[in-house]
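If you want the building blocks of each chain, they are given just below.
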Amino acid sequence: MTGVWDDDVVEAADVRASSAPAGITETQDGPGMPAALETVPETAPETALETVPEPVPGGPALAVSSRGRDKGAVVTPSERPGEALLPAPSEDDAVFEICDLSIDYGLGPGALHAVRHADLMLRRGRVLGLAGESGSGKSTLVYGATRLLRQPGVVSGGSVRLYSRRRGEEGRVVDLLAASERELRRIRWSEISVVLQSALNALNPVSTIESEFDDVLKAHRREMSRKTRRERAAELLTMVGINADRLRDHPHELSGGQRQRVMIALALALEPQVVIMDEPTTALDVVTQREIIEELIGLRDRLGFAMLFITHDLSLLIELADEIAVMYAGRIVERAGASTLYRSPRHPYTHGLLNSFPPMHGETRRMTGIPGSPPDLAAVPAGCAFRPRCLYAMERCGTEAPALVPLDGEEHEAACFLHSGDVAVPGELAR
Amino acid sequence: MTDNASLAPALEARGLTKHFTFRHGLLSRRGRVHAVDDVSLVLAAGTVTAIVGESGSGKSVLARMLARIVMPSAGELYLMGEKVVLGQKGRRQYASEVQLVLQDPFASMNPVHRVRHSLVRPLRIHHTAGPDLEESVKDLLRRVALSPPERFIDKYPHELSGGQLQRVSFARALAVHPHVLLADEPVSMLDVSIRLGVLNLIGDLRDKERLAILYITHDIASARYLADSICVMYAGEIIERAAASTLTDSPAHPYTELLLSAAPDPARGQPTPLPTRGAPPRLVAPPPGCRFHPRCPYVMEICKTTPPPPVTVDAGHEASCWLRLPAGERRPEASSQASLPMVRGGPGLHARKEVASRNEP
Amino acid sequence: MSAITETTARQEGPLPETPETPALAREDTARRHRALVLPRSPKVILGVVIVGIFVILMVVGPWVAPYSPSSTQFAASLHPSAAHWLGTTVLGQDIFSQLLVGARATLIVGFVAGLIATVLSTVIGVTAGYIGGPTDDGLSLVSNVFLAIPGLPLLIVVESYLPAHDQSNSFIIGAVIALTGWAWGARVLRALTMSLRNRDFVEAARIIGERRARIIFSEVVPNLLAVLASSFLFTMLYCIGAYVALAYIGVTSTAVWNWGTMLYWAQANNAALANQWWWFVPPGICIALVGMGLALLNFGIDEFINPRLRAAGLTRKVVRRSRLSNRPRLGLTPVLGRPA
Ligand SMILES: Nc1ncnc2c1ncn2[C@@H]1O[C@H](COP(=O)(O)OP(=O)(O)OP(=O)(O)O)[C@@H](O)[C@H]1O
Ligand SMILES: Nc1ncnc2c1ncn2[C@@H]1O[C@H](COP(=O)(O)OP(=O)(O)OP(=O)(O)O)[C@@H](O)[C@H]1O
Ligand code: SF4
Ligand SMILES: [Mg+2]
Ligand SMILES: [Mg+2]
Numbered sequence: 003m004t005g006v007w008d009d010d011v012v013e014a015a016d017v018r019a020s021s022a023p024a025g026i027t028e029t030q031d032g033p034g035m036p037a038a039l040e041t042v043p044e045t046a047p048e049t050a051l052e053t054v055p056e057p058v059p060g061g062p063a064l065a066v067s068s069r070g071r072d073k074g075a076v077v078t079p080s081e082r083p084g085e086a087l088l089p090a091p092s093e094d095d096a097v098f099e100i101c102d103l104s105i106d107y108g109l110g111p112g113a114l115h116a117v118r119h120a121d122l123m124l125r126r127g128r129v130l131g132l133a134g135e136s137g138s139g140k141s142t143l144v145y146g147a148t149r150l151l152r153q154p155g156v157v158s159g160g161s162v163r164l165y166s167r168r169r170g171e172e173g174r175v176v177d178l179l180a181a182s183e184r185e186l187r188r189i190r191w192s193e194i195s196v197v198l199q200s201a202l203n204a205l206n207p208v209s210t211i212e213s214e215f216d217d218v219l220k221a222h223r224r225e226m227s228r229k230t231r232r233e234r235a236a237e238l239l240t241m242v243g244i245n246a247d248r249l250r251d252h253p254h255e256l257s258g259g260q261r262q263r264v265m266i267a268l269a270l271a272l273e274p275q276v277v278i279m280d281e282p283t284t285a286l287d288v289v290t291q292r293e294i295i296e297e298l299i300g301l302r303d304r305l306g307f308a309m310l311f312i313t314h315d316l317s318l319l320i321e322l323a324d325e326i327a328v329m330y331a332g333r334i335v336e337r338a339g340a341s342t343l344y345r346s347p348r349h350p351y352t353h354g355l356l357n358s359f360p361p362m363h364g365e366t367r368r369m370t371g372i373p374g375s376p377p378d379l380a381a382v383p384a385g386c387a388f389r390p391r392c393l394y395a396m397e398r399c400g401t402e403a404p405a406l407v408p409l410d411g412e413e414h415e416a417a418c419f420l421h422s423g424d425v426a427v428p429g430e431l432a433r
Numbered sequence: 011m012t013d014n015a016s017l018a019p020a021l022e023a024r025g026l027t028k029h030f031t032f033r034h035g036l037l038s039r040r041g042r043v044h045a046v047d048d049v050s051l052v053l054a055a056g057t058v059t060a061i062v063g064e065s066g067s068g069k070s071v072l073a074r075m076l077a078r079i080v081m082p083s084a085g086e087l088y089l090m091g092e093k094v095v096l097g098q099k100g101r102r103q104y105a106s107e108v109q110l111v112l113q114d115p116f117a118s119m120n121p122v123h124r125v126r127h128s129l130v131r132p133l134r135i136h137h138t139a140g141p142d143l144e145e146s147v148k149d150l151l152r153r154v155a156l157s158p159p160e161r162f163i164d165k166y167p168h169e170l171s172g173g174q175l176q177r178v179s180f181a182r183a184l185a186v187h188p189h190v191l192l193a194d195e196p197v198s199m200l201d202v203s204i205r206l207g208v209l210n211l212i213g214d215l216r217d218k219e220r221l222a223i224l225y226i227t228h229d230i231a232s233a234r235y236l237a238d239s240i241c242v243m244y245a246g247e248i249i250e251r252a253a254a255s256t257l258t259d260s261p262a263h264p265y266t267e268l269l270l271s272a273a274p275d276p277a278r279g280q281p282t283p284l285p286t287r288g289a290p291p292r293l294v295a296p297p298p299g300c301r302f303h304p305r306c307p308y309v310m311e312i313c314k315t316t317p318p319p320p321v322t323v324d325a326g327h328e329a330s331c332w333l334r335l336p337a338g339e340r341r342p343e344a345s346s347q348a349s350l351p352m353v354r355g356g357p358g359l360h361a362r363k364e365v366a367s368r369n370e371p
Numbered sequence: 093m094s095a096i097t098e099t100t101a102r103q104e105g106p107l108p109e110t111p112e113t114p115a116l117a118r119e120d121t122a123r124r125h126r127a128l129v130l131p132r133s134p135k136v137i138l139g140v141v142i143v144g145i146f147v148i149l150m151v152v153g154p155w156v157a158p159y160s161p162s163s164t165q166f167a168a169s170l171h172p173s174a175a176h177w178l179g180t181t182v183l184g185q186d187i188f189s190q191l192l193v194g195a196r197a198t199l200i201v202g203f204v205a206g207l208i209a210t211v212l213s214t215v216i217g218v219t220a221g222y223i224g225g226p227t228d229d230g231l232s233l234v235s236n237v238f239l240a241i242p243g244l245p246l247l248i249v250v251e252s253y254l255p256a257h258d259q260s261n262s263f264i265i266g267a268v269i270a271l272t273g274w275a276w277g278a279r280v281l282r283a284l285t286m287s288l289r290n291r292d293f294v295e296a297a298r299i300i301g302e303r304r305a306r307i308i309f310s311e312v313v314p315n316l317l318a319v320l321a322s323s324f325l326f327t328m329l330y331c332i333g334a335y336v337a338l339a340y341i342g343v344t345s346t347a348v349w350n351w352g353t354m355l356y357w358a359q360a361n362n363a364a365l366a367n368q369w370w371w372f373v374p375p376g377i378c379i380a381l382v383g384m385g386l387a388l389l390n391f392g393i394d395e396f397i398n399p400r401l402r403a404a405g406l407t408r409k410v411v412r413r414s415r416l417s418n419r420p421r422l423g424l425t426p427v428l429g430r431p432a
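In order, the protein sequence lines correspond to chains A, B and C.
To convert, count from 1 in the first sequence and add 2; that's this note's numbering.
To convert, count from 1 in the second sequence and add 10; that's this note's numbering.
To convert, count from 1 in the third sequence and add 92; that's this note's numbering.
It is worth saying that the hints were derived from the structure and are not from the lab.
In this text, all values refer to a predicted model and were calculated from it rather than measured experimentally.
Just so you know, even glycine gets a beta-carbon here, dropped at the ideal spot from N, CA and C.
Mixed in with the good hints, there may be bad ones.
What the hints assert, rightly or not - Here are a few chain A residues that face chain C, going by a calculated C-beta distance under 10 Å:
{"no.": "1", "residue": "109"}
{"no.": "2", "residue": "146"}
{"no.": "3", "residue": "148"}
{"no.": "4", "residue": "158"}
{"no.": "5", "residue": "183"}
{"no.": "6", "residue": "411"}
To be verified - Simulated restraints on C-beta separations:
{"no.": "7", "chain 1": "A", "residue 1": "213", "chain 2": "B", "residue 2": "220", "range": "35 to 45 Å"}
{"no.": "8", "chain 1": "C", "residue 1": "215", "chain 2": "A", "residue 2": "366", "range": "29 to 39 Å"}
{"no.": "9", "chain 1": "A", "residue 1": "247", "chain 2": "C", "residue 2": "215", "range": "24 to 34 Å"}
{"no.": "10", "chain 1": "B", "residue 1": "84", "chain 2": "A", "residue 2": "227", "range": "56 to 66 Å"}
{"no.": "11", "chain 1": "C", "residue 1": "223", "chain 2": "B", "residue 2": "138", "range": "24 to 34 Å"}
{"no.": "12", "chain 1": "B", "residue 1": "134", "chain 2": "A", "residue 2": "429", "range": "43 to 53 Å"}
{"no.": "13", "chain 1": "A", "residue 1": "365", "chain 2": "B", "residue 2": "339", "range": "50 to 60 Å"}
{"no.": "14", "chain 1": "C", "residue 1": "234", "chain 2": "A", "residue 2": "257", "range": "56 to 66 Å"}
{"no.": "15", "chain 1": "C", "residue 1": "287", "chain 2": "B", "residue 2": "32", "range": "14 to 24 Å"}
{"no.": "16", "chain 1": "C", "residue 1": "290", "chain 2": "B", "residue 2": "339", "range": "41 to 51 Å"}
{"no.": "17", "chain 1": "C", "residue 1": "384", "chain 2": "B", "residue 2": "168", "range": "30 to 40 Å"}
Said to hold, decoys possible - So the derived list for chain A, only partly shown, Cβ under 10 Å to chain B, looks like this:
{"no.": "18", "residue": "137"}
{"no.": "19", "residue": "287"}
{"no.": "20", "residue": "340"}
{"no.": "21", "residue": "341"}
{"no.": "22", "residue": "342"}
{"no.": "23", "residue": "346"}
{"no.": "24", "residue": "369"}
{"no.": "25", "residue": "370"}
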């Protein structure tokens, strides 16, 4: 599937292949997405067994979920069959690090604190999911970190670092908050690319898809000839599952899902190490959403970039992401591996959120969701912002804001006084 | 829920069809969007019927026809067993029985009016207020769990959250004392954490007030949670219907299967790969035969030419797919015969549809 | 009003958590209050002041005018002086008095005409936009015709057919001017109504069985108020211009004092050739000022309805104090504590 890459790109790919951890190299050698669909073995992983429907008489078994997938499929880390092959994430994997980042809207006493003391770490070849309700500050966080935030947004503290792995620049660390405009322009797109929230309508309605690719490649890859640019555009488009003959089309001739794929292809055009997707599938249908996610995961496996995936759909993230951070009212309240977060949430908000998604199997019983309504950042309650909706709120929660602290080892953090050791942890938060 | 009297259809649709015509270019050539084709549906008191389907499958158009906001191109409506004469006349009377709640709570409240106005109007129009108008408004707010009502009655829409607004929308619909409530994606614009609150409200309206409810969504998990039965729509047609858990546990139509495998489901450990790819057809020229055949992984020759009949898979479980008929019975004639036992409209509807689809280029 | 109750409720809410958060509550209050009063941008204040002064002139002008505007008792063609602030005409009339007296007729005609034109354009535009179909076709045709006919010639024709005593009646002249001034507003309102017609809240009104007329007046029109106000200001501006132009070419009664007739007399007596600038410049400046005032007021309406223009606490002073560049650049979010 990988066609003619220009020299620069081939080199970059080589670097990746040689430095990639074993697990990822293996998936790279594995079949690409469409091929994977055909070579599926008929073995089902145990977790999926209960979902197998009865074969219906009178036709082939329609048991969709009885098909498992080989390595290289969408698997959460702890369930990855090749778990042992994957080295534990070391600092060497880090490509993008956000430390103690705070972002305000406006200045001085009237400022709205949209993000407070957020820490995130993106590692190569891994998907970090950022979940949270509307207005919790997810977009603000990533736009602020990449300094794309518009007026009146202001970064009011923290640091953001990019650990460059481009050939010839290995080990170079870029401090995004100190970078000049020129430096930022150079990094954006070629090292960090962001697919904005309203990306569905971001394509210029009067230019063709081809000229969108052309513009990007022309700006960042001066040495490319017109012909190679066109070849590269065709290749990128094929990579995201759109026929290359659609290059001549205008955006309105494409469906929403296709437009979103074009945006993804554009974001990947310069082989960035960090890809940030802000709700890339929210406006799309479930089927289209799944197609795009399958494609993204396939691309991630093949190209090895680090991905930050923002969505409010936690159940989707659990299937997609390796690690998940949950935001509430401008703060990250819990961070853990995807399956850990699903099986043993520690923060009452995460627990409530997980219980807000009706299950697809088993008995249907009445569920309650989370009482109250999502917070207004302009009037965040004192102490823990979740306190007014929290079933376990204590006196302390009203006066002090809990910090994000490691719980069971480094890999699980939560910001909740229930886990401070002073009180008995409720059963459902101690699983 | 099982006694027969309560299962009498509050609202029944037979062969509802909506084709939008539009002019095409300078020569004024007319095109037709087959938004909804020959849909029959029964809404019984005290039940929630869910309709799931992709965007553009015609769910909203169907709901608007049921609410008589959109005039059907063909088909009939029966309210409490009585045939409804379609047209402008009697719209108001009909509105007092059948109410529709729209998807976007922020857009469906007039930004310049207070909550009070939104609730007083239906009470006035349909003379459903008690002796004390103010008290009736407060009662409505309490019914949708907005209490104390004093806190909400004088608010403007921008001062309320999405979930609260959607409750006001429900209160507005309930003000007329309807028997049928149609809810067009009532939770899709809401934050995840407050969706269940609104879903539970709908469930309570079914259980406590025995309303006949149509719940439209593309979230199949919420349909399973809330509804008694689920209909799956694809490209303007209902292609499968069954009791909620039957449909999600053992889908009989390849499209339903596709929907299910695409829906996020953390419990399954790892997502199953999609069985097929592709997009829904353009409704201006729907494909001949089964409308799903261009995407169907099991497509057969007959699927490409003849629309499949609704086949009874099990009691109360019906799917329009050729696979559901034994190989020997997959003949074009079956298209009109097999529909006999299941579709209330009788075979005529399907015969007509077949003729129509043959005439299409 | 309810916004105020809301604010107090918020202030009584839970205590803020860190020293910097009391500001949150205050900012909240400030924002809500700002939504209630007109925005205080310098542009708008200037507009309010200018228009306010002229409104006062309109009311009190004829009473405070030092002399009768028509009396020819003074020496001819006096330069501005303490006795005659704006000098006198060749006929020996006091120009300052003419200006003050003329303000009333000018502004009243403008106001009346603007009002009538706005009402006409609302009724026609909203009806056409909401009902659509053949009604829309018909009404659109009418407004297009009125748009296409050049306004001034039409006005000249209609005015010259008016009986003499009507030519001095401000209301009748206003009505006639309105006739040529409504069409543009109607087109704008029609387009806006068409976009409102399919909005969910209008559909919701239809669903509960509301009647059409009621939907138009109680659901659609209130949402057009800001546009109506804006359209009123501009129509008024147009009408003042049209009235002045008519008076200037002598179509309306020259016996009624307004800024147009002043210009008419100045022109008829070759004031420009005689270098008597004090005769024709003051009315010209007044007309320009009124126009500017109305246009500035319109900014206020813009800011009032468009929350985006209300900067979120980013006043110039705050920006300067924090040593950030006050020219925001796209794609370069400022970082506090580091030079931009
Ligand atoms: N320009 C702005 N001025 C002031 N406040 C803003 C501005 N933009 C966003 N906010 C506020 O910042 C908060 C965070 O917004 P943000 O867009 O980051 O949320 P989000 O988590 O991305 O939500 P969504 O899921 O809806 O995209 C919100 O409360 C919002 O009201
Ligand atoms: N007024 C109209 N004129 C022409 N075509 C229309 C009109 N209203 C709807 N359609 C078409 O009818 C089809 C069905 O639309 P509908 O709104 O019912 O879809 P839906 O299933 O509700 O989708 P969604 O999930 O996005 O709400 C679409 O192809 C749409 O373009
Ligand atoms: S009828 Fe044929 S094409 Fe249609 S769903 Fe069934 S098998 Fe697939
Ligand atoms: Mg966002
Ligand atoms: Mg819809």
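We went through each hint and held it up to the structure:
1. 109: This interface hint holds because 5 Å falls under the 10 Å limit.
2. 146: Hint holds; residue 146(A) Cβ to chain C Cβ min 6 Å, cut 10 Å.
3. 148: 8 Å, holds
4. 158: Given a least distance of 5 Å, the restraint on residue 158(A) holds.
5. 183: 5 Å, holds
6. 411: With a closest approach of 29 Å, the residue 411(A) hint is violated.
7. 213(A) <-> 220(B): 35 to 45 Å: Cβ of residue 213(A) to Cβ of residue 220(B): about 60 Å, so the range 35 to 45 Å is violated.
8. 215(C) <-> 366(A): 29 to 39 Å: 55 Å, violated
9. 247(A) <-> 215(C): 24 to 34 Å: 53 Å, violated
10. 84(B) <-> 227(A): 56 to 66 Å: 59 Å, holds
11. 223(C) <-> 138(B): 24 to 34 Å: Given range 24 to 34 Å: holds, Cβ gap about 29 Å.
12. 134(B) <-> 429(A): 43 to 53 Å: Given a distance of about 52 Å, which is inside 43 to 53 Å, the answer is holds.
13. 365(A) <-> 339(B): 50 to 60 Å: 37 Å, violated
14. 234(C) <-> 257(A): 56 to 66 Å: For residue 257(A) against residue 234(C), whose Cβ atoms are near 42 Å apart, the range 56 to 66 Å is violated.
15. 287(C) <-> 32(B): 14 to 24 Å: Holds - the Cβ-Cβ distance for residue 287(C) and residue 32(B), about 19 Å, lies within 14 to 24 Å.
16. 290(C) <-> 339(B): 41 to 51 Å: Holds, at about 46 Å.
17. 384(C) <-> 168(B): 30 to 40 Å: 34 Å, holds
18. 137: 9 Å, holds
19. 287: 4 Å, holds
20. 340: Holds. Min distance 9 Å.
21. 341: 8 Å, holds
22. 342: 12 Å, violated
23. 346: 13 Å, violated
24. 369: 5 Å, holds
25. 370: 6 Å, holds
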